[in-house]
Amino acid sequence: MTDARDIDQVTGAETTGHVWDDDIKELNKPLPRWWLLTFYVCILWAIGYWIAYPAWPTLAGYTKGVLGYSQRDVVAREVAAANQAQGSLREQIAALPLTDILKSPDLARFADAAGRAAFAENCAPCHGRGAQGAPGYPNLRDDDWLWGGKAEDILQTIRFGIRSDHKQARASQMPRYGLDKLLDEKQILDVAEYVLSISGGTMAKEPAARGAIIFKEQCAACHGNDGRGKPEQGAPNLTDQIWLYGSNIDAIVTSIRTGRGGVMPAWEGRLDPVTIKALAIYVHSLGGGQ
Amino acid sequence: MCCGGMNAIGPPAMAAEGSNIVATVLDRRSDPKASPGVEIARHDVEAVNRKVDREFYAKRQPIYPKRAHGKFRIVKWVVMAATLAIYYALPWLRWSRGPDLPDQAVLLDMVNNRFFFLFLEIWPQEFYYVTGLLVLAALALFLATALAGRVWCGYACPQTVWTDLMIAIERFWQGDRNARIRLDNEPWGAVKIVKKGMTHVSWLVVGLLTGGALVFYFRDAPTLARELMSGTAPTIAYLFLGIFAATTYLLGGIAREQVCIYMCPWPRIQGAMTDSHTLLVGYKRERGEPRGSVRKGADGQIDWSNRGDCIDCKACVVVCPTGIDIRDGSQLECIQCALCVDACNDIMERIGRPRELIGYDTVARTDAVGRGQHEPFRPIRARTLLYAGLFGFVATIMLVAWSNRTLLDVNVLPDRVPPYVMLSDGSVRNSYTVKILNKLQERRTFHISVRDLPGAHLSVLGATDAAMAEVAVATDELREVRLFVTLPPRESRALTAAPQNVTLVVTDQSSGRQSARHIVFLIPAPKP
Chain A
1 MTDARDIDQV TGAETTGHVW DDDIKELNKP LPRWWLLTFY VCILWAIGYW
51 IAYPAWPTLA GYTKGVLGYS QRDVVAREVA AANQAQGSLR EQIAALPLTD
101 ILKSPDLARF ADAAGRAAFA ENCAPCHGRG AQGAPGYPNL RDDDWLWGGK
151 AEDILQTIRF GIRSDHKQAR ASQMPRYGLD KLLDEKQILD VAEYVLSISG
201 GTMAKEPAAR GAIIFKEQCA ACHGNDGRGK PEQGAPNLTD QIWLYGSNID
251 AIVTSIRTGR GGVMPAWEGR LDPVTIKALA IYVHSLGGGQ
Chain B
1 MCCGGMNAIG PPAMAAEGSN IVATVLDRRS DPKASPGVEI ARHDVEAVNR
51 KVDREFYAKR QPIYPKRAHG KFRIVKWVVM AATLAIYYAL PWLRWSRGPD
101 LPDQAVLLDM VNNRFFFLFL EIWPQEFYYV TGLLVLAALA LFLATALAGR
151 VWCGYACPQT VWTDLMIAIE RFWQGDRNAR IRLDNEPWGA VKIVKKGMTH
201 VSWLVVGLLT GGALVFYFRD APTLARELMS GTAPTIAYLF LGIFAATTYL
251 LGGIAREQVC IYMCPWPRIQ GAMTDSHTLL VGYKRERGEP RGSVRKGADG
301 QIDWSNRGDC IDCKACVVVC PTGIDIRDGS QLECIQCALC VDACNDIMER
351 IGRPRELIGY DTVARTDAVG RGQHEPFRPI RARTLLYAGL FGFVATIMLV
401 AWSNRTLLDV NVLPDRVPPY VMLSDGSVRN SYTVKILNKL QERRTFHISV
451 RDLPGAHLSV LGATDAAMAE VAVATDELRE VRLFVTLPPR ESRALTAAPQ
501 NVTLVVTDQS SGRQSARHIV FLIPAPKP
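These protein sequence lines are chains A and B, in that order.
For the first sequence, the residue numbers in my numbering are 1 to 290.
For the second sequence, the residue numbers in my numbering are 1 to 528.
Hint data in this document are derived by calculation from the structure and do not stem from the laboratory.
Just so you have them, the derived chain B footprint on chain A, three or more residues with Cβ under 8 Å:
1. 100–112
2. 125–131
3. 134–148
4. 240–246
From the structure, some residues in chain B lie toward chain A, with a derived Cβ separation under 8 Å:
5. Val417
6. Pro418
7. Gly426
8. Ser431
9. Leu461
10. Gly462
Idealized CB from N, CA, C, for every residue including glycine.
Given only the sequences and the hints, what does the whole structure look like? Please build it.
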């Protein structure tokens with residue numbers, strides 16, 4: 001760098017001294033006053049900010065600032081405020097029976113929204129994002145309920161689970177007819193043919209007739225003489241079009257041979273009572289509620 | 001900043017009263033003896049914002065606009081009174097809309113997402129009506145600019161109106177031009193502190209009222225006024241009140257012409273809308289030059305031969321709020337406020353020369369005068385026809401759109417997971433979320449039905465009677481309902497191809513008006 005100041009001949013102003021592309025120079029003009037003032041104010045602001053707010057890391061932590069501001073406190077306050085805002089709705093849901101909640105549009109809407117969120121977090125892994133179910137995991141949108149489709153029935157299922165380790169869990173047992181040698185393979189096939197026939201399938205008549213006799217002896221106690229099932233025992237209706245484990249003969253044979261016993265966990269203790277009630281409302285409102 | 005930097009206002013001159021204490025730039029009156037009987041105040045000043053005198057990065061030179069009297073000044077007072085009255089008073093106007101809706105005539109109800117303009121009510125998704133209005137406003141501005149230059153800048157722009165108001169306040173406390181210059185050159189004392197202080201306090205009060213008026217557009221004005229007074233208004237109201245108070249004070253009181261010259265893009269853009277047939281405030285050089293002070297001849301009369309009408313009194317310069325000399329020609333700094341027209345006409349009358357030495361004229365006309373020809377004013381030309389045509393086109397679109405605006409809007413969202421549900425008897429059910437927007441300002445009951453799907457059964461979740469797909473929607477509300485459409489097994493098996501194209505019809509039970517939406521009904525793929 002030389003000390004000689006380079007003066008632009010056209011404007012008479014000093015240039016920065018650097019030349020681009022042979023002849024392009026930049027005038028060394030002062031910054032606008034307002035810009036400089038804004039810049040200085042920003043610096044002052046920053047210093048004030050360091051004093052007022054958490055700013056600098058130290059070896060053991062960070063400077064806390066004289067205002068005692070903390071983002072965690074802000075979140076905690078906001079959560080508390082949100083709970084406070086929902087307070088009366090949550091209290092009413094906790095206090096009222098489900099039938100009353102369903103009758104109140106405001107409460108039902110609030111419970112539905114809360115249940116939707118809770119469902120996505122807790123129930124969707126097995127029952128599916130849209131509660132559409134999967135083989136072995138019931139579809140919660142249809143009108144077929146293993147343990148009853150009234151809101152109170154759904155609530156009980158969610159609270160205590162099915163074949164869970166909760167004392168009040170719903171429980172039933174489909175025997176392992178094949179594995180435990182209660183029926184031989186031919187008898188199992190006959191029963192399967194009969195079961196398909198009562199749900200509208202057109203199967204071979206003779207095996208179905210033989211299966212009907214076995215059905216009366218072995219199956220009717222739970223599934224009923226007509227095969228319509230008993231929701232209080234969790235015994236499925238075998239005459240309808242909905243099959244949890246598949247509607248083909250192989251799937252039915254497997255069900256009879258090895259038994260079935262899906263497990264639904266108990267949610268009491270894991271979720272708070274209001275959320276569980278909201279879940280019951282949400283599942284009930286999916287379309288299949290009775 | 002406002003009290004220094006006088007050096008560029010012409011050569012320092014002595015005050016007329018013989019004061020030689022301060023090197024002042026008081027406007028010097030011409031020697032009355034030079035032209036007895038015609039006493040004209042001559043102002044020994046240079047326009048501070050003359051292009052030739054301006055440098056980059058120069059400090060702002062204070063401008064002391066002198067009060068003007070005349071036709072255009074009256075127009076400006078009237079426009080100021082009208083626009084400010086509309087702005088300050090509009091939120092307080094009431095408009096009855098029934099018990100469930102606000103009764104404020106103009107209300108931008110952000111909390112409830114509704115915009116009320118007198119008899120119009122706009123939902124947020126209809127904001128394109130506002131967009132259309134803004135497009136119309138822009139085209140109207142183009143047209144006005146093509147016809148008469150910066151009439152918007154000169155008369156109606158909020159920056160001009162509030163600056164004018166702030167200058168009037170300044171004049172009220174500190175006196176007219178010369179008194180203000182004298183005050184600025186005085187050392188600080190009790191009188192100066194009081195005069196300056198009261199000026200700034202008054203500006204801040206105007207700013208507060210301006211900000212206050214703004215927030216009233218967003219919340220019920222009487223309620224908000226009480227809340228603001230008692231300190232219980234929403235924080236955002238205080239925030240915007242503060243922002244608008246500060247910007248009004250800063251832009252109208254302090255920055256003034258700097259906003260027009262340096263901040264506003266419109267002076268740069270408007271050149272594209274004007275042409276040689278646009279009316280502009282200008283100085284008639286052919287008539288005015290050569291300029292010079294008046295001298296009486298031997299017969300006691302002023303000899304007007306061999307000279308122009310401009311006596312170089314600079315009355316046009318001292319009234320200018322942007323600090324230019326209109327005689328330098330068309331300039332970016334000129335907001336075309338026409339105060340120089342008033343000032344010059346006043347002088348012309350007093351010296352017995354025709355008015356309109358400075359006045360509205362077109363470049364084409366002044367050029368024609370220079371050639372000794374006559375050129376008429378041409379308001380109807382390709383440019384103005386284009387702008388007017390565009391305005392009419394957009395206005396027509398807006399009117400057609402508005403007249404076809406429905407007061408019943410329906411949105412249907414099908415459930416996608418799962419696409420359909422098989423019921424125990426073999427029926428197929430599809431679920432939909434139906435949103436009904438009741439834009440009528442009364443409660444209505446709607447009946448939902450589907451066409452083109454024989455045998456289908458409809459039910460609305462939560463409806464007391466499941467068989468009746470009936471929905472009541474409150475005044476001016478959106479209601480969202482879950483709709484189940486169930487097709488019995490016989491009908492669904494009869495269908496061979498999926499999906500089914502179906503029409504959902506929402507009927508207003510009282511008026512019979514219908515709104516139809518195309519929806520898709522999905523069924524399982526037929527078994528091979």
